[in-house]
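Number of protein chains: 2
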Amino acid sequence: MDFSSKLLENAVNEMSQLPGIGRRTALRLVLHLLKQPQSQTNDLAGALEKMRSEINFCSSCHNISDLALCEICSNPNRNERLICVVEDIRDVMAIENTSQYRGHYHVLGGKISPMDGVGPGDLNIPTLVEKVRSGKVDELIFALSSTMEGDTTNFYIYRQIEPFEVLSTTIARGIAVGDELEYADEVTLGRSILNRIPFETSLKS
Amino acid sequence: MDFSSKLLENAVNEMSQLPGIGRRTALRLVLHLLKQPQSQTNDLAGALEKMRSEINFCSSCHNISDLALCEICSNPNRNERLICVVEDIRDVMAIENTSQYRGHYHVLGGKISPMDGVGPGDLNIPTLVEKVRSGKVDELIFALSSTMEGDTTNFYIYRQIEPFEVLSTTIARGIAVGDELEYADEVTLGRSILNRIPFETSLKS
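Residue numbers (my numbering), protein chains in the order written: chain B, 93 to 297; chain S, 93 to 297.
Hints may be right or wrong, so weigh each one.
The list treats identical chains as one, so a pair stands whether inside a single copy or across any two.
Within a straight-line C-alpha distance of at most 35 Å, the following computed DSBU-like cross-link-like pairs (lysine-lysine) qualify [stated by the list, open to error]: (1) K98 - K228; (2) K142 - K127; (3) K98 - K142; (4) K127 - K228; (5) K228 - K296.
For the record, the hints were derived by calculation from the structure and aren't laboratory data.
Can you make the complete structure from the sequences, with help from the hints?
In structure tokens:
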């Protein structure tokens, strides 16, 4: 693309660095900003810069938080001996939205993925192992996505906590509520049969 | 969505003001920035602010330009008596990419669209009419998109320049080069038959 303005070209170049935003979309977004009041662009730029420079992470669960200890970790009504291991803040938000979980979280900050250059050293694994080692945890719920990277990460952590006395569980995989059986994939349907639960249990949830 | 951080929430709110960016996508983009070096966020924010505050428009054709007179308008090899009327800079870039046009442009900055609150007064129409009135133009090529808004805008301008001596043309509509006839819509196919051209002409292009 040939731009008639260096300023416009720079803005489009920076915008198209974002994932899923190509140069055409970036141009559309930048032209939109040009048609809006200047304050909107300043607000956007200011919010991004402020967020990037001042963001904090909870010292206990590593979730994004404005406080040194996040609201979940500092809530006395939540069970700190039950920890759900997740990939990032989006998973925390998704589980919180269900209102079904009253334990703590541990945010790894990613999954082990050699293809993307992410090794165990890049994740918040040592603090989790330390929590388990010092006997502060009764149960660890693995809630990573069931991809190869997720399974690798689960297994890596599992091997490290194996020597200690802690119950390890993983979230149930199966047919989604409301889905039709005939359209489910074989792996999911197979697992949902193998891991069937007592009918009485299903009535309670 | 419940955010654990006000900074994150602000950034997501501002990002999701952009067209086609919902709150989930905004969160994904913002979390991506958090994983990148801080300089990337600063570069993006800086480029947007600088672009928005310092951008200039060509005094003749109203295209975005860093100079008072854009490169196209100041190019002595281009025919200033031939003017192509377009909606915005993206159309200029698309036509320039064809390398088939050696005239000038006139960027309206939008289309007449009462639904979006855009009236003739919001567009760069008076300067175009003035150019025609003062006898500086031989031919005006209408190249707006063939939607109701585009047709309305074409007709509005046409009525204003009608009293003056100028040739008005519109870009050809028809089956795209390489497209199969059977999949073309009826309106386009019908127009391409009505506006057929001598076979010899098609050999030259």
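Practice problem: Give the relationship of K142 and K127 under a CA distance limit of 35 Å: within one copy only, between copies only, both, or neither. | Solution: both (24 Å within a copy, 15 Å between copies)
Self-check item: Intra- versus inter-subunit Cα pairing at 35 Å for K98 with K228
Solution: Cα proximity of K98 and K228: across copies only (30 Å, versus 57 Å in one copy).
Quiz item: 35 Å Cα cut-off: does K98 pair with K142 within a copy, between copies, both or neither?
Solution: both (26 Å within a copy, 11 Å between copies)
Exercise. Using 35 Å as the alpha carbon limit, work out where K228 and K296 are close: within a copy, between copies, both or neither.
Key: within (29 Å within a copy, 82 Å between copies)
Quiz prompt | Identical-chain pair category, K127 with K228, by Cα at 35 Å | solution = Close across copies (30 Å), not inside one copy (55 Å); limit 35 Å.
Figure legend: structure checked against the earlier numbered hints; every hint is met.
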